[in-house]
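Heads up: the protein sequence lines correspond to chains P and W, in order. Numbers 1 to 360, taken from the working numbering, label the letters of the first sequence in order. Numbers 1 to 47, taken from the working numbering, label the letters of the second sequence in order.
If you're looking for bench data, these hints aren't it; they were derived computationally from the structure. Among the hints, a few may not be true.
[Said to hold, decoys possible] Computed cross-link-like contacts, EDC-like style, restricted to lysine to aspartate or glutamate with a CA-CA straight-line distance of at most 20 Å:
| id | chain 1 | residue 1 | chain 2 | residue 2 |
| --- | --- | --- | --- | --- |
| 1 | W | LYS4 | P | GLU337 |
| 2 | P | LYS237 | W | GLU12 |
| 3 | P | LYS281 | P | GLU304 |
| 4 | P | LYS218 | W | GLU12 |
| 5 | P | LYS218 | W | GLU36 |
| 6 | P | LYS287 | W | GLU22 |
| 7 | P | LYS34 | W | GLU36 |
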Amino acid sequence: MIYFTHMKPGREEILELGIARETVPAAPESLHYKNIEQAVEYFEEFARSFRPQSGERATRTNMEYRTRAMEEFSAKTKGKIKEISAFPPSSEQMAKNACLLLGSHALITQEIVRENREMGTAFDKNHLSHLTEREYYARLMETVEFQQKMTRFILQYRNIPGLDMVMQRYWTAFQNVSSAFIKDPDFSGKQERGIERAVTASHLLEQQGWRTHRPRAKEDMEGSTDAYATGITHADKHIILALQFKPSVHAMPVVDIDVLYPFPPQPETDKDTWNLIANVKKHRIEKSDLPLFPVFMSVPSYRETPLIRKGTGLLASPASINTLLDEKGVHALEYAETLADMPTASKPKKRRIIYDAQAK
Amino acid sequence: MTLKQNKDKTPEEKAQETSWAEERLGFPLESADPIEEEPLEEDTNKK
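Produce the entire structure from the sequences given, and follow the hints as far as they go.
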C-alpha cells in the first residue's frame, strides 16, 4: 500500500490494482514547522495576555496613554525575551524563533516615537520624545534589524509546508496587540506588507540565480539599502547588487526592476533612491574595483495577485515568475548580469611632467 | 541566463560567494539560503 502525506484526507480507488488507499490529513509534521508554530503560539498568548497598567482609559487618541502603554509593552516583551533565552537546549530553536517574533515590539515603539516627534510632544525627561538623535537612530536601526531578520527567517523556511498559515496567525496577533497603541488602523498591514515585499523580491531574484543577503550587524544597515544580491557568472565573475524595495505604484501584478547604472542624475530620482545610489558610490570610492550596482524594485503584494502568498510574500509557485516578471523586468535582470563585464576601476590619472630640457 | 544557478552551487561555493562579497563590502552578511525540511514523522497509518 502506498501512503501519502500532504493530500486531502479520504479514500481513493486505485482501479488498476482494485484496492483503495487511505490518505492521511495534510498536516505538516516537520520539526521546523512545529518549532515555528510553537513560537507563534507563544507570541499569540503573550499578545492576548498583555493589559496595560497605565491607569488611563484605553483610547487610541490619547498620545500620552499610548506612549506609556507602549513603554510597558516594550519592557514586558524584553522581559519575555530574556525569559525565553533561558529555556533548555531541547527548546532552543523554538526559543530563537519566539525571540525573533517578539522583536516586533520595535515596530510599535518606532511608530509611537515617530508620532511623538511629529507632534513635538514633550513629556518628562526620561520619555521617548526626549530621545537624542543618536538614540532615535538606534531605535530606527532596531526596527530595520527586526525587518531584516524576519525577512531572512521567512526565506530560510520557504520550503516548510504550512508556513503561510502560521505566519498569518502571527500577523493577526500582531494586529490585535498593536491596535491598542497605534492610531493607524492599517499599521499592522503596512508592516506585514513591507516585510512580504522584501521576501517577494528576494525570492524572485533567487529563482533567477541571485543570492540575497542582509548585513549581520545593524550598524551596517544603511537606511536606503534593503538587501544585497550576489551573482556569479559562468565565467566566474562576481556581481553585487544593492537593492531597494518599494510598493508597486500600479495595480498590475508585475515586479518592476530598474538597474540604476549608469547612475542617473539626481533631479531624476527621489530622495530614497538617491540615497541608495549615494551609498553605492561611497562604497565604490572606497574600493574602486567593486562591482556594486544599485537596483530599484517595485513589488506588488498578495492584494494585487494570488501569485504572492499572504503571510509570507513567497511566490506561489516557480511558474509565478513568468507573470511577475514582464519583458522589461527580464531585460533588466539580463542587463544586471552583464554588469560583471562592466569596467569599474578608474584609470589612474597620468601626471603631466613639464620640464625644460634646457634647464641646468 | 548567464548566472550560475543556486541549485547547482555546493554549500562551499555558496559560502565562498558570500565571503567574497563580505570582503569587498567590508562587513559581514547573512544569506537566506533555504533550510531543508526535516524528514516527516513516521506515518501512523502505515501497516
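**Item:** Pairwise hint evaluation, GLU36 of chain W against LYS218 of chain P, where the allowed Cα distance is 20 Å at most
**Value:** violated, 27 Å
**Prompt:** Are the Cα positions of LYS281 of chain P and GLU304 of chain P separated by 20 Å at most?
**Reply:** Judged against 20 Å, a Cα distance of about 34 Å means the pair is violated.
**Prompt:** Taken at face value, is the distance from the CA of GLU22 of chain W to the CA of LYS287 of chain P at most 20 Å?
**Reply:** Given that 20 Å is the threshold and the Cα spacing comes to 13 Å, the pair holds.
**Message:** So if I understand the rule, the pair passes when the alpha-carbon distance is 20 Å or less; does LYS237 of chain P with GLU12 of chain W pass?
**Reply:** Distance of about 17 Å is within 20 Å: holds.
**Message:** Holds or violated: LYS4 of chain W and GLU337 of chain P, Cα atoms, limit 20 Å.
**Reply:** holds, 11 Å
**Message:** For a C-alpha distance cap of 20 Å, please report whether LYS34 of chain P and GLU36 of chain W respect it.
**Reply:** At roughly 14 Å apart (the allowed maximum being 20 Å), GLU36 of chain W and LYS34 of chain P satisfy the hint.
**Request:** For the pair we were handed, LYS218 of chain P and GLU12 of chain W, check the Cα-Cα distance against 20 Å.
**Result:** violated, 26 Å
Of the numbered hints stated above, those contradicted by the structure are hints 3, 4, 5, listed in ascending order.
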